[in-house]
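Generate the whole structure from the sequences, applying the supplied hints.
Residue numbering for the sequence shown follows this note's numbering, beginning at 1 and increasing consecutively.
Hints are computed from structural coordinates only; laboratory data are not their basis. All residues carry an ideal CB built from backbone N, CA and C; glycine is no exception. Among these hints, one or two may not hold up.
[Unchecked claim] Quick list of simulated restraints, FRET-style, between CB atoms:
#1 D169 x A69: 46 to 54 Å
#2 I586 x G540: 19 to 27 Å
#3 T257 x G138: 46 to 54 Å
#4 A69 x E229: 21 to 29 Å
#5 V27 x R74: 23 to 31 Å
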Amino acid sequence: MPIDLLFGVHAHQPVGNFPAVIADAHVRCYGKFLGVLERYPDFRFSVHFSGWLLDELRQRYPEDMDRLAAMTARGQIEWFGSGDCEPVLAAIPARDRLSQIETLSSKLSRYFGQRPRGAWLTERVWESSVVPSLADSGIRYVAVDDYHFLCAGTPAEALDSFYSTEEDDRRLDLFPISEALRYRLPFSPAAEAVAYLEDQARQGQRAAIYFDDIEKFGIWPDTYQWVYERGWLAQFIEAVLTSPLIRTMTFADYHSTVATRGVVYLPTTSYIEMNEWTLPPAAAQQYAALVNSDKAAGNYDQHKPFLRGGIWRNFLSRYAESNWMHKRMLGLSARLLALPVLQRTAQLQELLHRAQANDAYWHGLFGGLYLPHLRRAIWQNLIKLEAAIDRLAPRQSGQRIDVDLDGHDETFLHNNWLQLVVRDDADACAIEFASYAASHNFADTLRRYVEGYHARITEHAAHSAAAADEDSGSEGIASAHDRVAFKHPIGAADVAPDSRPRGLFVDSFLDGNGIIVDVPAYRQVATTLGELLFVAEVNGGRLEKRYSIDAARLTVAYRSQGIAGRLQTQLNLAMPSCDGYGGRYILANGDIPCGFGEELARTALDSIILDDGELPGAVILAASAPARFAARPHHTVSQSEAGFEKIMQAVELTLNWPLSSSATEISVVVEFRPAR
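If you want it as structure tokens, here you go:
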């Protein structure tokens with residue numbers, strides 16, 4: 001009997017990704033892939049496009065959408081649904097799962113005349129709680145990794161068809177994606193990949209199940225030449241179609257003609273690489289060592305189901321910045337639900353959906369938490385949504401609540417122009433500073449974290465990007481999981497972790513030589529309308545720190561009593577241009593000394609402008625007394641499919657002033673002015 005090849009591809013770009021990235025993806029992958037598949041109408045396959053990307057492509061490349069529609073009409077394509085803006089379904093409320101899935105299903109019905117019965121599960125993050133939402137949305141089956149089944153004890157030889165599960169009296173069928181195929185397509189020569197499928201047929205396997213990122217077919221390093229210029233994709237399709245042992249079939253047709261293999265209950269997990277990425281660094285290194293040891297002993301294939309690593313939600317506990325975005329999103333989802341039905345417009349729902357896009361909430365080889373423009377897209381949608389809800393259901397300034405469940409309350413000060421959030425911990429720094437006019441959070445940065453993969457930098461730092469790619473000597477190309485490359489020179493200092501938050505107004509006390517000798521431990525003592533007061537005991541004296549907002553101005557006022565030395569404060573401002581051409585410093589006399597990506601120092605400075613064409617507009621910083629001033633870019637080091645890279649997260653501004661042993665008062669004003 002021939003084996004049924006269930007071939008599926010998943011296309012996605014993060015909400016807010018650069019237009020040039022999408023254009024490049026179209027040239028190197030989406031358009032090329034469809035052009036090849038269009039020539040082979042007998043090669044049936046399934047496809048999933050995230051809704052945001054689908055809308056972008058419909059606007060920019062309508063000819064590709066016409067091609068997809070024609071291929072759908074002739075029965076070659078089955079469409080898979082999911083959440084419209086590609087959320088991790090398990091990480092959003094059930095009500096939002098329903099609206100996200102329905103939004104994309106409705107789009108596919110309108111655009112292509114096909115309402116999906118299958119769904120792509122974002123990052124293959126499985127929790128049984130998603131079953132009712134999927135089933136209630138008309139979804140009958142999803143594809144997850146065969147690893148999920150192995151973790152449930154299902155024998156590997158029985159993973160050649162779908163199983164059934166249930167939750168809260170709803171049924172959902174589950175297709176196991178073959179890891180062996182994920183690592184072969186398109187990296188092994190086409191003839192070898194087809195020979196593997198034929199061997200599976202000879203062994204009596206019912207179906208070969210493949211569903212993976214379409215970006216592997218042209219966007220991943222080295223794949224464009226391999227897949228298109230050297231003809232891998234056409235060779236693979238032609239060999240499949242001429243093989244008497246392989247027939248292509250959509251998931252829908254297979255599902256409608258084959259009975260389930262039986263009931264299964266899967267543990268909470270994702271694909272195996274994700275389970276390592278989500279672990280804290282020390283645990284990740286232990287996990288990797290255990291895996292490597294098991295591989296060396298030849299036991300890994302048997303023990304793999306029991307070496308699970310972490311779960312996706314660990315990203316929220318690992319990264320405070322991700323957790324803050326997530327909890328703010330949950331709060332706004334609840335506020336939107338609380339509005340009268342007629343006020344819950346499609347526009348507000350779309351803002352929420354876009355703020356739930358998964359990419360900026362996690363970090364791994366592909367996760368985008370380290371990418372400022374992806375976090376910025378989340379914050380733009382959250383800020384726009386909050387401003388709209390505030391107009392419909394105003395809230396009181398000065399609300400104090402532990403939003404992110406970290407054991408410290410956060411206090412919200414807001415008006416029609418600004419929102420400031422200060423955490424009531426020892427640092428008492430601003431963790432959110434949003435301009436409603438700019439739809440931008442100027443406190444949206446990322447601290448330097450220890451990452452498990454940083455150890456690889458030490459091992460390979462002496463190599464160039466070209467030399468870092470190890471040549472195995474075999475045919476085919478290396479998967480992104482196996483490549484080691486460097487986009488930038490990186491040293492030990494670049495990966496030194498931050499010991500304090502990267503917020504606004506992070507304070508220190510210096511001695512006469514400029515050495516940090518104390519860190520104020522603030523406690524919140526008062527909250528009034530538009531104002532917060534914190535107090536700390538420093539070096540035998542008293543230091544007050546007062547936040548206040550008035551229209552578009554934030555003022556932070558310090559008053560010291562009985563303290564001799566210097567007060568230093570650090571502001572980490574997230575400027576959209578980062579180290580690009582659009583960001584520059586402007587001095588009071590109009591001089592432009594440098595851009596945000598360079599260092600700047602002044603011995604006495606009382607005002608400076610941070611001009612950013614990406615906003616568009618400028619941040620004006622003014623101090624009541626001249627300060628020693630230093631500015632430099634704040635970078636983090638992360639790993640992507642293209643290699644290790646330094647990414648600018650914010651401009652780090654440091655100001656310090658002398659304090660009198662009697663009393664000193666200093667204030668700093670920060671204001672955003674839109675471009676005229």
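Going down the list of hints, with the structure as the test:
1. Checked against the hint of 46 to 54 Å, the pair D169 and A69 fails, with Cβ atoms roughly 37 Å apart.
2. One distance hint, 19 to 27 Å for the beta-carbon pair I586 and G540, is violated here, with the actual separation near 40 Å.
3. At roughly 20 Å, the beta-carbon separation of T257 and G138 lies outside the given 46 to 54 Å, and the hint is violated.
4. The given range of 21 to 29 Å is respected by A69 and E229, whose C-beta atoms sit roughly 28 Å from each other.
5. A hinted range of 23 to 31 Å holds for the C-beta pair V27 and R74, which are about 26 Å apart.
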